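Q: Construct all of the structure, not just a fragment, from the sequences and the given hints.
Just so you know, the sequences run in chain order S and P.
First residue of the first sequence: 83, per the numbering used here; consecutive thereafter.
First residue of the second sequence: 172, per the numbering used here; consecutive thereafter.
Treat the hints as calculated values from the structure; they're not laboratory data.
You may find that some hints are simply not true.
Calculated pairs, BS3-like style, for lysine-lysine (alpha carbon to alpha carbon, straight line, at most 30 angstroms) [said to hold, decoys possible]:
| # | chain 1 | residue 1 | chain 2 | residue 2 |
| --- | --- | --- | --- | --- |
| 1 | P | K185 | S | K83 |
| 2 | S | K150 | P | K242 |
| 3 | P | K242 | P | K180 |
| 4 | P | K185 | P | K228 |
| 5 | S | K150 | S | K83 |
| 6 | S | K124 | P | K228 |
| 7 | P | K185 | S | K150 |
| 8 | S | K124 | P | K185 |
| 9 | S | K124 | S | K83 |
| 10 | P | K242 | P | K228 |
| 11 | S | K150 | P | K228 |
| 12 | P | K180 | P | K228 |
| 13 | P | K241 | P | K228 |
| 14 | P | K228 | S | K83 |
| 15 | P | K241 | P | K180 |
Predicted model only: the values in this text are computed from it and were never measured.
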Amino acid sequence: KQEVTQIPAALSVPEGENLVLNCSFTDSAIYNLQWFRQDPGKGLTSLLLIQSSQREQTSGRLNASLDKSSGRSTLYIAASQPGDSATYLCAVLSGSARQLTFGSGTQLTVLP
Amino acid sequence: NAGVTQTPKFRVLKTGQSMTLLCAQDMNHEYMYWYRQDPGMGLRLIHYSVGEGTTAKGEVPDGYNVSRLKKQNFLLGLESAAPSQTSVYFCASSYSRLAVSTGELFFGEGSRLTVL
Numbered sequence: 083k084q085e086v087t088q089i090p091a092a093l094s095v096p097e098g099e100n101l102v103l104n105c106s107f108t109d110s111a112i113y114n115l116q117w118f119r120q121d122p123g124k125g126l127t128s129l130l131l132i133q134s135s136q137r138e139q140t141s142g143r144l145n146a147s148l149d150k151s152s153g154r155s156t157l158y159i160a161a162s163q164p165g166d167s168a169t170y171l172c173a174v175l176s177g178s179a180r181q182l183t184f185g186s187g188t189q190l191t192v193l194p
Numbered sequence: 172n173a174g175v176t177q178t179p180k181f182r183v184l185k186t187g188q189s190m191t192l193l194c195a196q197d198m199n200h201e202y203m204y205w206y207r208q209d210p211g212m213g214l215r216l217i218h219y220s221v222g223e224g225t226t227a228k229g230e231v232p233d234g235y236n237v238s239r240l241k242k243q244n245f246l247l248g249l250e251s252a253a254p255s256q257t258s259v260y261f262c263a264s265s266y267s268r269l270a271v272s273t274g275e276l277f278f279g280e281g282s283r284l285t286v287l
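A: Quick look at the structure:
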């Protein structure tokens, strides 16, 4: 059974700092890994998707890397802003049923 | 463009009561999903549907039933609510299994259910 872990559960940083969020998964036989953003009281918005054959994806100030063999992904946020405050979840697509398994998320607070 | 709409957004139930959550999507998607989100546990799949008239169990199906009588709607029912079903419920949809693989999965804004 696939398990996804995110550390830390919560993170508070001053504005402008570069930061890294971590995601690990137990079964390396994945189709892809996604990073989502969740704002309070809202649904999930996809930020970046890395296919199993890729090593990284970039979108603006966000960069996600994937090391499938070690079961790890990182989300790098450059020059953080208060508007980046949200919960970030990673999810892996795996199994014959192609189901998403989510981590429990990292709650990020960027202080002005 | 409504996307994925969930109703109601909030509900308080007493133990033993029944209720139905409605998910509606206007994107002509084949695949629809119901997840629950609990503190410290991420999202867990309850049931899903790969097309009109079909449903399948996910990771945590016990205590829930679903129906997909119309392609655009996916209903989640609680026949006899329990405090353990207090959670935030999310519906999601995608055009196809391939679309899920390319990240085209769209979520509703959630329904917060409290069972007393």
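Q: A separate judgement is required for each hint: does it hold in the structure or not?
A: The hints, checked one at a time:
1. P:K185 <-> S:K83: 34 angstroms, violated
2. S:K150 <-> P:K242: Judged against 30 angstroms, a Cα distance of about 36 angstroms means the pair is violated.
3. P:K242 <-> P:K180: Satisfied, since the Cα-Cα distance of roughly 21 angstroms is no more than 30 angstroms.
4. P:K185 <-> P:K228: 25 angstroms, holds
5. S:K150 <-> S:K83: Holds: S:K150 and S:K83 sit about 16 angstroms apart, inside 30 angstroms.
6. S:K124 <-> P:K228: 25 angstroms, holds
7. P:K185 <-> S:K150: 45 angstroms, violated
8. S:K124 <-> P:K185: 25 angstroms, holds
9. S:K124 <-> S:K83: 28 angstroms, holds
10. P:K242 <-> P:K228: Distance ~18 angstroms between P:K242 and P:K228 Cα, so the pair holds.
11. S:K150 <-> P:K228: At roughly 28 angstroms apart (the allowed maximum being 30 angstroms), P:K228 and S:K150 satisfy the hint.
12. P:K180 <-> P:K228: 24 angstroms, holds
13. P:K241 <-> P:K228: It holds: about 18 angstroms lies between the C-alpha atoms, which stays within 30 angstroms.
14. P:K228 <-> S:K83: Answer holds: P:K228 to S:K83 is near 15 angstroms, not above 30 angstroms.
15. P:K241 <-> P:K180: Holds, at about 21 angstroms.
Comparing the model with each earlier hint shows violations of hints 1, 2, 7; every other hint is respected.
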